[in-house]
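Visitor: Make the full structure from the sequences, and use the hints.
Same order as they appear, the protein sequences are chains A and B. Residues 1 to 337, numbered by our numbering, are exactly what the first sequence covers, in order. Residues 1 to 376, numbered by our numbering, are exactly what the second sequence covers, in order.
Don't read these hints as lab results, they were simulated from the structure. Among the hints, a few may not be true.
[Claimed, not checked] Label pairs and their computed distance ranges (CB to CB): (1) A/Lys46 to B/Ala128: 40 to 46 Å; (2) B/Thr160 to A/Ala193: 31 to 37 Å; (3) B/Ile208 to A/Arg207: 43 to 49 Å; (4) A/Lys46 to B/Thr339: 52 to 58 Å; (5) B/Phe369 to A/Asp55: 56 to 62 Å; (6) A/Gln33 to B/Thr336: 55 to 61 Å; (7) A/Asp332 to B/Thr339: 49 to 55 Å; (8) B/Gly334 to A/Ser186: 53 to 59 Å; (9) B/Gly181 to A/Asp42: 30 to 36 Å; (10) B/Glu356 to A/Asp19: 49 to 55 Å; (11) B/Thr160 to A/Asp189: 35 to 41 Å.
[Stated by the list, open to error] Footprint (simulated), chain B over chain A, 3 or more residues, beta carbon under 8 Å: (12) 15-24; (13) 55-61; (14) 158-169; (15) 195-208; (16) 249-255.
Note that CB positions come from ideal geometry on N, CA and C, so glycine has one too.
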Amino acid sequence: MTQMTLAGAINRGLRAAMDRDEKVLLMGEDIGQLGGVFRVTDGLWKDFGPDRVMDTPLAESGIVGTAIGMSMRGYRPVVEIQFDGFVFPAFDQITTQLAKMHYRSQGRIQLPVVIRVPFAGGIGGLEHHSESPEALFAHTAGLRVISPAAPQDAYDMIQQAIASPDPVLFLEPKARYWDKGEVDESRVDAQLAAEDGASAGTAEMSRGRVARQGTDVTLVAYGPTVRLALQAAEVAGADGTSIEVVDLRSISPLDSATVVRSAKRTGRVVIVHEAPTTYGPGAELSARIAEQAFFHLHAPVLRVGGFHAPYPGAKLEHDYLPNLDRVLDAVDRVMTH
Amino acid sequence: MEAHGPRADEDLVTLLTHTGERVSHPDFDRYAEGVDAEAMRRMWRDMTVVRAFDNEATSLQRQGELGVWVQSLGQEAAQIGSGHALTGNDFVFPSYREHGVALTRGVDMPEILRIFRGLQHGAWDPEAHRFHLYTLVIGAHSLHATGYAMAMDRDGMVGTGDPERDGAVICYFGDGATSQGDVSEAMVFAAVNSAPIVFFVQNNQFAISEPVARQTRAPLAQRGAGFDIPSVRVDGNDVLACHAVTRWALERARSGGGPVLIEAFTYRMGAHTTADDPTRYRTRADEAYWAERDPIARLDAYLTSLGELGEDFRATVAAEAKDLGRRTRETVRGWTSPTSTAMFDHVYAEPHATVEAERAWFERYERTFAAEEVHA
Chain A
1 MTQMTLAGAI NRGLRAAMDR DEKVLLMGED IGQLGGVFRV TDGLWKDFGP DRVMDTPLAE
61 SGIVGTAIGM SMRGYRPVVE IQFDGFVFPA FDQITTQLAK MHYRSQGRIQ LPVVIRVPFA
121 GGIGGLEHHS ESPEALFAHT AGLRVISPAA PQDAYDMIQQ AIASPDPVLF LEPKARYWDK
181 GEVDESRVDA QLAAEDGASA GTAEMSRGRV ARQGTDVTLV AYGPTVRLAL QAAEVAGADG
241 TSIEVVDLRS ISPLDSATVV RSAKRTGRVV IVHEAPTTYG PGAELSARIA EQAFFHLHAP
301 VLRVGGFHAP YPGAKLEHDY LPNLDRVLDA VDRVMTH
Chain B
1 MEAHGPRADE DLVTLLTHTG ERVSHPDFDR YAEGVDAEAM RRMWRDMTVV RAFDNEATSL
61 QRQGELGVWV QSLGQEAAQI GSGHALTGND FVFPSYREHG VALTRGVDMP EILRIFRGLQ
121 HGAWDPEAHR FHLYTLVIGA HSLHATGYAM AMDRDGMVGT GDPERDGAVI CYFGDGATSQ
181 GDVSEAMVFA AVNSAPIVFF VQNNQFAISE PVARQTRAPL AQRGAGFDIP SVRVDGNDVL
241 ACHAVTRWAL ERARSGGGPV LIEAFTYRMG AHTTADDPTR YRTRADEAYW AERDPIARLD
301 AYLTSLGELG EDFRATVAAE AKDLGRRTRE TVRGWTSPTS TAMFDHVYAE PHATVEAERA
361 WFERYERTFA AEEVHA
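Guide: Pasting the structure below:
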């Protein structure tokens with residue numbers, strides 16, 4: 001076990017993936033000599049050279065589009081989009097091309113492209129630097145959308161995403177980049193070294209996990225809000241409310257089975273994400289809970305998330321983002337039933 | 001015809017005039033030198049056959065066998081001339097009107113119609129033909145083509161001097177596509193990486209109804225200069241000239257010279273698709289002007305003047321075209337619709353829980369009808 005930050009774990013995961021497979025290469029803006037604006041690719045340019053850590057022209061559609069072409073020849077490009085709000089110039093390439101090529105070609109063309117996006121808020125960013133666009137991608141068949149919440153998952157999931165034959169949006173909770181945790185590097189190495197490693201890894205990264213067990217309320221979170229959910233569970237626990245926390249890890253596919261099992265046990269569900277609640281992942285998840293666990297529920301499923309307003313200026317983001325008070329308020333409301 | 005600007009036919013590389021006379025060009029004659037009468041007959045044959053196929057597909061659409069059809073009528077010289085310059089290592093990224101190029105890549109022509117009958121979105125093995133699937137989002141494939149070319153360079157397929165090894169990419173799009181950001185980005189990426197790619201613009205004068213003057217003030221070939229991409233403007237209805245400039249461009253790209261932009265100045269003699277009505281936006285005079293410049297008639301006149309297009313050969317090709325028409329009709333009419341659950345196939349390479357659940361639900365739902373039929 002080694003202690004590392006979440007950003008450091010992604011860096012180590014990228015390095016391991018590049019060591020494992022020479023077809024893995026990195027593409028993005030400022031990822032070379034600079035090491036990326038968040039330094040996630042720090043040191044890789046020096047060790048792997050500019051042919052495998054490619055500083056690209058400043059054109060997101062161009063980056064993703066050329067990554068598609070390179071992956072058609074067997075490369076496994078890992079693309080860095082500098083900030084969430086700058087993924088939209090590439091939205092067409094991601095949704096009409098990357099997502100659909102396998103389908104269009106009747107499975108003849110696989111595009112194992114990973115698109116890393118530092119996302120979500122909490123860092124006092126300018127406009128377009130704090131957004132949570134995951135629902136837009138999860139709504140598109142053909143893409144996988146995953147988000148790690150802790151260093152161990154970051155290390156494992158980036159490598160599983162790279163090994164997967166499907167295109168993956170890898171959403172990195174940028175406010176959590178500097179969180180530290182213990183990482184066991186050997187387990188995923190062994191998994192991916194096995195013959196069916198890519199399949200096993202894809203299946204594993206698609207599953208959610210019960211991050212804390214409880215009996216009264218299920219709190220569902222992923223990426224940036226998992227730590228918040230665990231904090232809420234601590235505080236509520238001190239007040240005598242037992243909270244189970246599910247870390248979804250994957251938004252597409254959505255591991256509703258794990259959530260539904262928990263919902264059936266607790267009968268109360270609160271979903272917490274930074275994305276706007278309107279048409280957000282929580283809306284989809286609460287619909288599935290209603291379809292599959294309706295008669296087990298004691299209270300309506302509640303959502304705590306961003307509002308139907310553009311992400312505000314930094315001085316207002318703490319009002320926009322889900323926080324401990326708003327999560328506990330929702331817990332109180334489901335507990336009144 | 002205007003004297004200057006994007007609609008003017010100035011500065012075109014021409015080797016055959018529209019009446020079929022061979023004229024000399026200081027730069028490109030040598031790229032046409034190896035094209036003997038036999039090679040030109042093969043081009044005439046391919047142009048004739050693809051036009052027959054095109055007309056057959058139009059008929060099939062009118063008969064309700066196809067949802068829609070995209071004609072290549074009038075663009076045969078640009079497509080066959082360039083297609084005949086390709087070698088086995090080259091890789092083609094077409095738009096969606098490149099049926100002539102498909103023919104040169106050995107695609108079984110009726111298979112193209114699977115798309116237009118609505119059976120599936122892609123209808124051939126791109127790797128087997130080194131001919132990528134059609135892309136309907138205008139210009140999006142120019143980036144895939146550029147990335148593919150960058151990867152060929154990485155894979156040591158450029159500039160080795162070994163014709164068995166070297167290759168390049170050719171990417172086809174139209175005048176409308178040049179306004180798309182992706183096409184400009186493709187030229188940026190191709191230029192800075194010196195990628196082995198030929199951007200082949202078929203300027204057929206229209207993006208559906210919009211004339212090329214709605215896309216550009218300058219001739220499209222001038223677009224290359226800002227990217228430092230050498231460019232050439234060629235008479236797109238002159239199969240020999242299209243062949244020669246493409247040969248030059250591909251040889252340059254294969255040998256490590258980087259990207260080239262070709263503007264083939266041609267005319268979409270048909271409608272945009274069978275759902276379009278060109279009488280609403282262009283004149284009969286315009287159509288008549290271009291009818292005199294028919295790409296097949298031009299090569300026909302030249303070969304005839306040489307005494308190289310005998311009646312036997314014409315009859316053989318006519319029979320071949322007729323046979324392809326018959327086979328196309330029979331093939332299309334013989335296709336059955338895919339089973340309904342095929343819509344869930346290949347969404348992902350690895351299992352995806354949502355797709356699996358929806359497929360399972362749909363299968364159960366469909367079985368309820370089967371049960372009702374048994375009871376009835």
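Visitor: Look at each hint and say if it fits the structure.
Guide: Here is what the structure says about each hint:
no.	hint	in the structure
1	A/Lys46 to B/Ala128: 40 to 46 Å	holds, 41 Å
2	B/Thr160 to A/Ala193: 31 to 37 Å	holds, 34 Å
3	B/Ile208 to A/Arg207: 43 to 49 Å	holds, 47 Å
4	A/Lys46 to B/Thr339: 52 to 58 Å	holds, 54 Å
5	B/Phe369 to A/Asp55: 56 to 62 Å	holds, 57 Å
6	A/Gln33 to B/Thr336: 55 to 61 Å	holds, 58 Å
7	A/Asp332 to B/Thr339: 49 to 55 Å	holds, 52 Å
8	B/Gly334 to A/Ser186: 53 to 59 Å	holds, 57 Å
9	B/Gly181 to A/Asp42: 30 to 36 Å	holds, 31 Å
10	B/Glu356 to A/Asp19: 49 to 55 Å	violated, 33 Å
11	B/Thr160 to A/Asp189: 35 to 41 Å	holds, 37 Å
12	15-24	violated (count 0)
13	55-61	holds (count 4)
14	158-169	holds (count 3)
15	195-208	holds (count 5)
16	249-255	holds (count 4)
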